[in-house]
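K.L.:
Let the hints inform the model, and build the full structure from the sequences given.
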Amino acid sequence: MPRPKAAIAVLAALVLTGCTTDKPTAATEPAASAASTQDSGTGAQSKFFVQADFDAQLAMRSQTPEGPEDRPWEQAIAPKMIDTAQYKKDGPYHLCFSNAAIDNPWRQVGWKTMQAEVGLHEEIGKFTALDAEGKDDKQISDIAELQAKGCDALIVSPNTTATLTPAVTAACEKVPVIVFDRGVETDCPVTFIKPIGGYAFGADAAEFLTEKVPAGGKVLALRILPGVDVLETRWSAAKVVFDQSDLQVVGVEFTDGDAAKTKNIVSDYIQRHGKIDGVWMDAGATAVAAIEAFEDAGLPVPPINGEDQQDFLQKWKDAGLTAVAPTYPTYQWRTPIIAALRILGGEQVPETWNLPQPKVTGETLGDYLQPDMPPLHYALCGCEDLPGFPEAWGGKKS
Amino acid sequence: MRRALPVLAVLAALLTAIALVNPHFLEPAGFLAFLKRAAPLVILAAGQYFVIVSGEFDLSVGSLVTAEVVIAARLIDGDESATWPVLALLIAAGLLVGLVNGVVTTKMRVPSFIVTLGMLLVLSGAVFLWTGGAPRGALSEGFRVFGRGGLGPVPWSVLILVVLGAAAIRLMRADFGKTLMAAGDNERAAALSGVRVDRVKIFAFMLSGLAAAVAAILLGGFAGVSAQVGQGLEFSAITAVVLGGVTLGGGRGSVPAAMAGAVTLEALFTLLNLYGVSGALEFTVQGVIIIAAIAAGAVRLPRKPTPRTGDAHAAS
Amino acid sequence: MHLLTRARPRDPAQVLFLALLGLVAAGWALVALDGGQFLTLESVVGIQQRSAALGIVAIGQTLAILAGSLDLSVAYLISLTSLVAAEIMAGQDGNIGQAVAAVLAVSALVGLVNGLVITGLRVHAFIATLGVALIIKGVVDHLYDGPAGAVPESFQVLGYSRIGPVPVSALLWAGVAVAAWFLLSRTRLGYRIYAVGGNEEVARLSGIRTGRVIVLAHVLCSVCAGVAGLLLASRLGAGAPTVGTDGGYDLESIAAVVLGGTALAGGKGGVAGTVAGVLLLAVLDTLFNQLEVNSFVKDVVRGVVIVVAVAVYARRTQGRPA
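Residue numbers (the working numbering), protein chains in the order written: chain A, 1 to 398; chain B, 399 to 714; chain C, 715 to 1036.
Watch out, some of these pointers could steer you wrong.
[What the hints assert, rightly or not] Quick list of in silico lysine-lysine cross-link-like pairs, BS3-like style, CA-CA up to 25 angstroms:
| id | chain 1 | residue 1 | chain 2 | residue 2 |
| --- | --- | --- | --- | --- |
| 1 | A | Lys-80 | A | Lys-194 |
| 2 | C | Lys-1012 | A | Lys-359 |
| 3 | A | Lys-149 | C | Lys-1012 |
FYI, nobody ran anything at the bench for these hints, they're computed from the structure. Just so you know, these numbers come straight off a predicted model, no measurement behind them.
P.N.:
Encoded structure:
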């Protein structure tokens, strides 16, 4: 078959030329390619890694937050308060919210929590929210559109950090802006609200594994996607911890957050290595699938981390796992509303509002397991005292 | 069957390459595990084959799979006794979606690409509207056994695959297969010779919906509830069918070849994974291989007595 | 079933512009009932900003579809070109010319590959462009893992500035649309695109080099996607590896084209319909935004609108003698 071969050769040539011209001269370093080998098998450090932030976050874990203990969403760690008298005005207020997306359970739980929080405050006359559906371009338009609606304060949950910065900067000139979850590259927002952060998440999980997995044990690291800042920090912190440990990271794989793919990857590793002694995950959504891969192979489940989702917590309890669940609490969705009202009331708020970021451990598992809530519900929603709980979050009254 | 030769060659090469890296692959357990993994896509490809050979497209299967899994979880909600009624309902829902796709395509004369694209949007919107954005509820153990468990060493999904595959082959040998082929090859000629073109096409869409329902049951069973379970499956299924030498535009190709195409695609994924091709470049390799394999099949076409023209048309 | 009758492209477009007017009126009433104002300056600007990128891609997609093909690679190409643009500009005004040239070259090359794979290797357009899409995706994901590059302030004029109520981006879209309209209705290539899309065999027999026409249509389609990539880079201030796919520009542009009355099989339709189709989707979006309808309802409505619109066109053509 000479013709097909020639055709393939031509095609290959075309593709190759395509690839080389595609590469701009100032190409960025490809991050953490799996090929580079270090002793611990964790690859090169992510370009997102910032040592100072890493140190700060790890230190914050042991600091006692200020504020009411039973309302962690109002607490702040080491706050540097700033004055907001310039924004003081009388209610009722019109609050606006530009949401990056509501396309995953974490954001859905958070969004419901925020709506319920709005319902608590009579001084909020109107609450306008636009969903950017995960599109940077739409969020830029949304923010512009919201400014025209006469908002008294604008809350932004940015879809990506760099690309939303110009839009947020423009909005800052008109209204007080509150940013939460992901940050922007400007300090013009009045306050930036976030839990301690990704480094703490990743380190919490990795430290647990170094403690529980015997020396020299094989650890499999599962990540959702490369290139997402909030996830890169989780892995880069874990990498630092693993590099200092005597554990062997046998693989770092991307799951796309897909349960079937996760299960396949874990099965492949079990088959290839005979035994996996620990599993590190950058997000808990597919933790149950990873656990099932061990169960289906007839093996005991090694130490593993998940997140505060009910399906994982339930599995943890039922199977008696050695596990930990660092969190990225959804209660942070309450804080922006509270912050907005404080700002409009002229009260001081922290410049960077670091919320506590607890982890679920074997001892506290019972406190967070809520069998009447849906399997993908996040336990740290801080929503139990809100009107409409549990039905609005998909749960059943017990 | 000659059109299927390139895909069989590619498949053999891929399987050999996998076996070289992973000897365990050739053992019964290893190979069964591979088939189990491939089963949902192979079944989807068989369903998609009926639609494609009749000259149409079904882009809705991916979101149908997601919708079915999400519906199952919400309705079963962990209740074992609900398993069988919900399974029946899922099958019925799959058939119904196929029926709607088929009727709108044939009776309202809307290109199937558009009908099923619309169905994709409607299904993914409606199901999450119903569940409030994220999946709710949980699947029962009885439901999950089809994707997770097995009869002795043989996974249920492989058994289901064998049964459905045999049924699909039988169906194509029966009158239905011949009329479907005729309708896809030349719709007008088929209609003039007495084939009820609309009816066979509607039936083809229903088979695709059925395949999606079964794939959903297997995938949901394998890995549990997930909102991403069906993502991109429509493109994988169409790619698989075309890899098997089935012509987009209809009238050419066989169902075993389409299923072989799906196995090939799955083998390709497995191989790229095994060789640790850097996560992202995997897609590039996949793209090149798909184009190359199909081009290798297509450039042989002119040797046939009746060259088929107009392949570049998206739909007709 | 390709008909040799070249349908007058104005037909569905007129209907669609009427539908658009109706929708604006209905939207105005609905939003007024809700206590708001539909056609404020911001929302008019918003509609245009929101539709410009999709509009430009859809114009290109119209050319490919009219020629009897289609292009699924535009979304990834947009991501790629936004990165190429932002990386080469690197925040320097002096690099803008170079960056634009590079984007046009890269996109033309991708179009050329698409076209040659379809015509030379005889791979169906669906698979060929899907394959090229995967190739680009792999390259982009391999090289980039987040926004990169920087677009200088002067180039961001393209994305943010406006003349009265008309943003520069909408002017760019209008320019592309007029150019495509001119190409289709006033040049020989345009005539050939219709001929090839209408019936490739007949076109070949009447002496048209059909392969060349399809390749050209694909090059133009990809160049349009490249222009959209430039526009998005200027909006975002950087290149982003997911901007094209997040926007769903592949399937959405095809939906807009058929919503505009262009036959998916090729040979029938035109640019005016596509413009109306994109505007209709954008007005729907803005209306949903104003009423704060959640995105799931949006998907359902979009799906139904697209299918119903095409069913209506099919009914209209059916009425005529074939």
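K.L.:
Could you work out which of the previously given hints the structure breaks and list their numbers from low to high?
P.N.:
2
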